[in-house]
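A.B. asks: Below, each chain spelled out in residue letters.
Number of protein chains: 2
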Amino acid sequence: MRMSEGVEWAAHACAVLAALPDGRALPGARIAEYLGVPPAYLAKHLQALSRADIVVTGRGPAGGYRLARAPAAITLNDIASAIEGREPAFRCQEVRQRGPVGASAQACKRPCGIARSFWAAEKAWRAALREVTLVDLLADAARGIDAERARALGAWFESAAR
Amino acid sequence: MRMSEGVEWAAHACAVLAALPDGRALPGARIAEYLGVPPAYLAKHLQALSRADIVVTGRGPAGGYRLARAPAAITLNDIASAIEGREPAFRCQEVRQRGPVGASAQACKRPCGIARSFWAAEKAWRAALREVTLVDLLADAARGIDAERARALGAWFESAAR
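Chains as they are written, first to last, in our numbering: chain B, 1 to 162; chain G, 1001 to 1162.
It is worth saying that the hints were derived from the structure and are not from the lab. Ideal Cβ placement from N, Cα and C applies to all residues, glycine included. Just so you know, not all the hints are guaranteed correct.
Claimed, not checked - Some chain B residues flagged as far from chain G (calculated, every beta-carbon gap over 12 Å):
{"hint": "1", "residue": "D22"}
{"hint": "2", "residue": "R24"}
{"hint": "3", "residue": "G28"}
{"hint": "4", "residue": "Q47"}
{"hint": "5", "residue": "A155"}
Stated by the list, open to error - Pairwise CB distance ranges (calculated):
{"hint": "6", "chain 1": "G", "residue 1": "W1119", "chain 2": "B", "residue 2": "R116", "range": "20 to 30 Å"}
{"hint": "7", "chain 1": "G", "residue 1": "A1043", "chain 2": "B", "residue 2": "R91", "range": "46 to 56 Å"}
{"hint": "8", "chain 1": "B", "residue 1": "A147", "chain 2": "G", "residue 2": "C1092", "range": "22 to 32 Å"}
{"hint": "9", "chain 1": "B", "residue 1": "I145", "chain 2": "G", "residue 2": "K1044", "range": "42 to 52 Å"}
{"hint": "10", "chain 1": "B", "residue 1": "E158", "chain 2": "G", "residue 2": "K1044", "range": "50 to 60 Å"}
{"hint": "11", "chain 1": "G", "residue 1": "Y1041", "chain 2": "B", "residue 2": "A72", "range": "41 to 51 Å"}
{"hint": "12", "chain 1": "G", "residue 1": "K1123", "chain 2": "B", "residue 2": "D146", "range": "27 to 37 Å"}
{"hint": "13", "chain 1": "B", "residue 1": "R91", "chain 2": "G", "residue 2": "E1158", "range": "25 to 35 Å"}
{"hint": "14", "chain 1": "G", "residue 1": "C1092", "chain 2": "B", "residue 2": "K44", "range": "37 to 47 Å"}
{"hint": "15", "chain 1": "B", "residue 1": "A139", "chain 2": "G", "residue 2": "R1002", "range": "30 to 40 Å"}
{"hint": "16", "chain 1": "B", "residue 1": "D136", "chain 2": "G", "residue 2": "A1029", "range": "23 to 33 Å"}
{"hint": "17", "chain 1": "G", "residue 1": "R1116", "chain 2": "B", "residue 2": "R110", "range": "28 to 38 Å"}
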């Protein structure tokens, strides 16, 4: 099982936007530059984030992306769901109803133990991702930044943000 | 993100083997018949279960699959890992080192917060699957079986098991 790479790009894009000063926005091309990824590739993930109300984009020369709500109100589960969808990774095919001695549909109103167990595990996965907000990620990233890189980041933000 | 269908087939195959009387085995073709799935398709998943020491197969006319260890010692995590592998669903590409103001490799010895959070969520997913053994699945399945189907299942097992 592999998660789409887009989740990683989207999470980093949101973390960058969370670091923007209030009232500023970043054009999609500058977010792509920051992450070192082709702008067209990132654009589709930014659109998915926009559809999920995680980012908003302004129009015109002052346009650019910013977060749609406070960083504390955006979790990794929101971002993963925006990119990968909310469908469960385990898709039950009602195997128990198949074969020469399969169960009747009537006896299968309750999902089988295998499906319920996989769905419960996914619930635990989502619950863990729901615990992590962009504030947590920013705080964690900040701990690894020395004074020199902080200056470089500040200068880049100053030149890139609208 | 979608889990391989093979995980579902493998889980059901293991549950069938867990229901076998002691000392009996089921040929792969009969497991496939029971599940209503092409034998060739199931064979590759049975091989994966065999490589993971979850099932063993006997040779010759009395050959057939049986569990490699007690049903209480086989979990859904074992089965999912056998089919999907143990690699994490989230594969970190060190995005933070990219772009014009990327971090140095030296500053990135510790995995970034995004990767750690996704890996922690996968750990929670695996922990939940590790809680579910074949004994749990059998007990759950047994609760949904009425007397008529119990007889049909018993007759099928009697004819199919070696």
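A.B. asks: Indicate whether the distance between the beta carbons of Y1041 (chain G) and A72 (chain B) respects the range 41 to 51 Å.
C.D. replies: 48 Å, holds
A.B. asks: Has the hinted range 27 to 37 Å been met by the Cβ atoms of K1123 (chain G) and D146 (chain B)?
C.D. replies: Taking Cβ atoms as reference, K1123 (chain G) and D146 (chain B) lie about 30 Å apart, which means the hint holds.
A.B. asks: G28 (chain B): least C-beta distance to chain G exceeds 12 Å?
C.D. replies: 14 Å, holds
A.B. asks: Should the hint that D136 (chain B) and A1029 (chain G) are 23 to 33 Å apart at their CB atoms be regarded as holding?
C.D. replies: 52 Å, violated
A.B. asks: Honestly, do A1043 (chain G) and R91 (chain B) meet the 46 to 56 Å range at C-beta?
C.D. replies: 22 Å, violated
A.B. asks: Hint says 30 to 40 Å; check whether the CB-CB distance for A139 (chain B) and R1002 (chain G) agrees.
C.D. replies: Hint holds: Cβ distance 33 Å, inside 30 to 40 Å.
A.B. asks: Hey, is Q47 (chain B) genuinely clear of chain G, shortest beta carbon separation above 12 Å?
C.D. replies: Non-interface label stands for Q47 (chain B): nearest chain G Cβ at 19 Å, farther than 12 Å.
A.B. asks: Looking only at beta-carbon atoms, does the pair I145 (chain B), K1044 (chain G) fall within the given range of 42 to 52 Å?
C.D. replies: 48 Å, holds
A.B. asks: Assuming the hint says 28 to 38 Å, is it satisfied by the Cβ distance from R1116 (chain G) to R110 (chain B) or not?
C.D. replies: Because 37 Å falls inside the window, the suggested range holds.
A.B. asks: Has the hinted range 20 to 30 Å been met by the Cβ atoms of W1119 (chain G) and R116 (chain B)?
C.D. replies: 25 Å, holds
A.B. asks: For the pair R91 (chain B) and E1158 (chain G), does the Cβ-Cβ distance stay inside 25 to 35 Å?
C.D. replies: At roughly 33 Å between Cβ atoms, E1158 (chain G) and R91 (chain B) fall inside 25 to 35 Å, so the hint holds.
A.B. asks: Verify this label for me: R24 (chain B) is non-interface relative to chain G, using a Cβ-Cβ cutoff of 12 Å.
C.D. replies: 16 Å, holds
Hint compliance for this structure: hints 5, 7, 14 and 16 are broken, all remaining hints hold.
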